[in-house]
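Colleague: Protein chains in written order, with the working numbering: chain C, 1 to 219; chain X, 1 to 219; chain B, 1 to 219.
A couple of the hints might just be wrong.
[Claimed, not checked] Straight-line distance between alpha carbons at most 27 Å, and here's what the computed DSS-like set of lysine-lysine pairs gives:
no.	chain 1	residue 1	chain 2	residue 2
1	X	K4	X	K126
2	X	K165	B	K24
3	C	K24	B	K195
4	C	K195	X	K211
Keep in mind that the hints were calculated from the coordinates and are not lab data.
The structure displayed is predicted, hence computed values, not measured ones.
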Amino acid sequence: MKSKPFLIIGGGGHGAALAEILIKQKKNIVGVVAPELTAGHILFQGMDHFLNDDDILKFRPEDILLVNGIGSMPYKSLREDVYNQFKKQGYKFATVIADSALVSDYSILECGVQVMNNCVVNVGCKVGENTIINTSTSIDHDCIIGAHCHLAPGTTLSGQVVIEKNVHVATGVNVINNVIIGHNTIVGVGANITKSIPSNSIVYGARSVIKGLGITHDC
Amino acid sequence: MKSKPFLIIGGGGHGAALAEILIKQKKNIVGVVAPELTAGHILFQGMDHFLNDDDILKFRPEDILLVNGIGSMPYKSLREDVYNQFKKQGYKFATVIADSALVSDYSILECGVQVMNNCVVNVGCKVGENTIINTSTSIDHDCIIGAHCHLAPGTTLSGQVVIEKNVHVATGVNVINNVIIGHNTIVGVGANITKSIPSNSIVYGARSVIKGLGITHDC
Amino acid sequence: MKSKPFLIIGGGGHGAALAEILIKQKKNIVGVVAPELTAGHILFQGMDHFLNDDDILKFRPEDILLVNGIGSMPYKSLREDVYNQFKKQGYKFATVIADSALVSDYSILECGVQVMNNCVVNVGCKVGENTIINTSTSIDHDCIIGAHCHLAPGTTLSGQVVIEKNVHVATGVNVINNVIIGHNTIVGVGANITKSIPSNSIVYGARSVIKGLGITHDC
Chain C
1 MKSKPFLIIG GGGHGAALAE ILIKQKKNIV GVVAPELTAG HILFQGMDHF
51 LNDDDILKFR PEDILLVNGI GSMPYKSLRE DVYNQFKKQG YKFATVIADS
101 ALVSDYSILE CGVQVMNNCV VNVGCKVGEN TIINTSTSID HDCIIGAHCH
151 LAPGTTLSGQ VVIEKNVHVA TGVNVINNVI IGHNTIVGVG ANITKSIPSN
201 SIVYGARSVI KGLGITHDC
Chain X
1 MKSKPFLIIG GGGHGAALAE ILIKQKKNIV GVVAPELTAG HILFQGMDHF
51 LNDDDILKFR PEDILLVNGI GSMPYKSLRE DVYNQFKKQG YKFATVIADS
101 ALVSDYSILE CGVQVMNNCV VNVGCKVGEN TIINTSTSID HDCIIGAHCH
151 LAPGTTLSGQ VVIEKNVHVA TGVNVINNVI IGHNTIVGVG ANITKSIPSN
201 SIVYGARSVI KGLGITHDC
Chain B
1 MKSKPFLIIG GGGHGAALAE ILIKQKKNIV GVVAPELTAG HILFQGMDHF
51 LNDDDILKFR PEDILLVNGI GSMPYKSLRE DVYNQFKKQG YKFATVIADS
101 ALVSDYSILE CGVQVMNNCV VNVGCKVGEN TIINTSTSID HDCIIGAHCH
151 LAPGTTLSGQ VVIEKNVHVA TGVNVINNVI IGHNTIVGVG ANITKSIPSN
201 SIVYGARSVI KGLGITHDC
């Protein structure tokens with residue numbers, strides 16, 4: 001049985017990265033929906049370009065799979081809003097797993113989960129709907145990740161970590177085993193998490209210090 | 001020549017992760033030895049389940065390869081004790097390399113080394129017996145790692161790093177080139193190592209700071 | 001059309017890592033140029049060993065591709081000097097991409113770029129000449145990296161990061177999206193970069209703290 005055609009929502013970097021993953025898998029992409037394309041121009045070139053979210057309604061829910069190409073940023077709910085709006089109208093969001101990612105046969109990904117290049121999701125995990133497992137993220141055995149989360153590139157979770165819904169984990173965060181991170185939390189870039197975090201928290205990782213060199217190296 | 005059958009000791013997350021790696025390689029797993037299974041239940045389902053370490057003695061050392069599925073935790077010697085006990089009785093521990101890992105043809109892994117998913121071991125390395133190179137760990141050229149170490153997920157070693165025996169390197173640690181980490185040392189999560197560390201040390205990485213959001217975002 | 005033979009300059013760890021990547025790709029390596037071999041001895045064994053840079057001149061520029069196997073260290077310009085010297089004399093440096101690395105079809109690598117094992121270069125990136133993308137580095141969509149940079153092992157760049165020329169990014173650095181790092185900057189091991197960095201800076205990541213255990217664990 002052939003897979004349904006894909007319609008990508010979002011014409012920025014995340015949408016482009018998803019498009020390339022789907023192109024490699026020879027999926028049928030019917031178009032991209034975005035007010036303007038801000039990345040991946042060559043890649044989107046051959047596709048139909050729809051300007052408004054309402055254009056999605058031209059397709060019947062049973063005829064296509066949506067791909068949520070809107071990036072996830074802290075304090076911004078656009079990605080989640082779009083997901084919920086079209087889900088309510090009966091549309092389904094594709095679960096996308098890059099060929100270069102490794103997802104255990106004994107883990108469960110809900111609808112709309114996106115596992116980007118070079119990720120690992122090890123045995124016994126569960127990932128909630130619309131969550132992004134971004135590039136080179138490593139999730140070890142028996143982790144439970146809620147819906148609408150973003151694990152930014154280079155995140156490392158040890159075993160049995162629980163991340164509740166709507167959590168934003170920034171680039172390069174490390175989490176030891178058996179930790180729970182409560183919902184609506186934002187974990188800052190490169191933070192090292194060694195104990196559980198209450199819901200609605202902001203966690204700051206270590207700052208770096210900039211010093212001027214004071215020399216003007218000729219180049 | 002067919003490989004000997006494998007017997008996994010340990011029915012938790014690490015044992016389950018090893019089991020999936022071996023199942024993918026179509027290895028013959030004769031069973032799992034554990035007082036109880038705490039993870040990977042579906043995965044262990046088809047296998048014989050032995051409750052006591054003494055059950056291992058029902059198999060002759062020349063007939064099987066043991067797989068040390070006991071996880072490695074700081075201050076706990078169970079993994080090493082089990083290894084030494086059965087090695088003394090003539091048993092051999094399998095060296096396990098995940099299909100998704102890349103180990104240089106010019107590196108040497110001793111008995112019982114486990115290289116988990118998405119790891120790299122580059123040219124000129126040597127890794128001592130019973131050491132775990134855990135998920136998404138990257139070891140660059142000419143590193144020497146001692147026996148009974150654990151490099152937790154997401155560890156990055158630059159070139160020519162020496163890690164002596166019994167060292168626990170926690171999740172997401174970064175080590176620059178030409179550094180020596182002495183035996184029995186524990187390196188904490190996400191620590192950045194820029195100089196050599198004496199034996200029997202504890203190294204703390206940077207702490208993160210948690211702040212409450214003070215708002216109750218509706219979701 | 002068969003590719004030209006390769007001549008590796010540098011007989012240390014970086015040269016050896018490059019040699020193994022090329023051997024796996026069944027490239028024709030005509031030799032290694034180095035005053036002495038300090039790594040990868042078994043690997044270099046079958047190759048011709050030239051002692052002086054002048055030996056390169058025995059080959060005509062149109063007959064070979066050079067591979068810059070000199071490692072990149074902060075404050076040392078040898079790698080760049082050798083590149084510029086032989087480029088001026090009409091030689092071409094090979095762009096090397098490890099089989100285990102993933103480079104987007106929609107990204108551009110200039111001459112002499114080296115993408116080592118397990119790296120990702122996502123859609124829409126551009127990488128300048130002679131830059132090293134070292135082991136397990138992850139570069140997300142739409143990043144622009146200048147010439148003569150070194151992204152050391154385990155670097156993670158989010159989307160739309162700009163790194164100007166001659167920047168040294170040490171092991172395990174994390175950079176959030178939309179940041180610019182000015183030329184001639186050195187970013188220290190594991191630094192978390194959340195804002196743009198002026199040119200000619202040194203950035204220090206978080207220090208780790210070593211404590212003696214005070215016990216002498218018997219092993």
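Colleague: Please go over all the hints and tell whether each is borne out by the structure.
Modeller: Verification of the hints:
Under the criterion of a C-alpha separation no larger than 27 Å, the hint pairing K4/X with K126/X is consistent with the structure, at around 25 Å. Only pairs whose Cα atoms come within 27 Å are accepted, and K165/X paired with K24/B is rejected, the gap being roughly 32 Å. Between the alpha carbons of K24/C and K195/B the distance comes to roughly 34 Å, so the proposed pair goes past 27 Å and is violated. For the suggested pair K195/C and K211/X, the alpha carbons sit about 14 Å apart, so the restraint of at most 27 Å is met.
Of the numbered hints listed earlier, those contradicted by the structure are 2 and 3.
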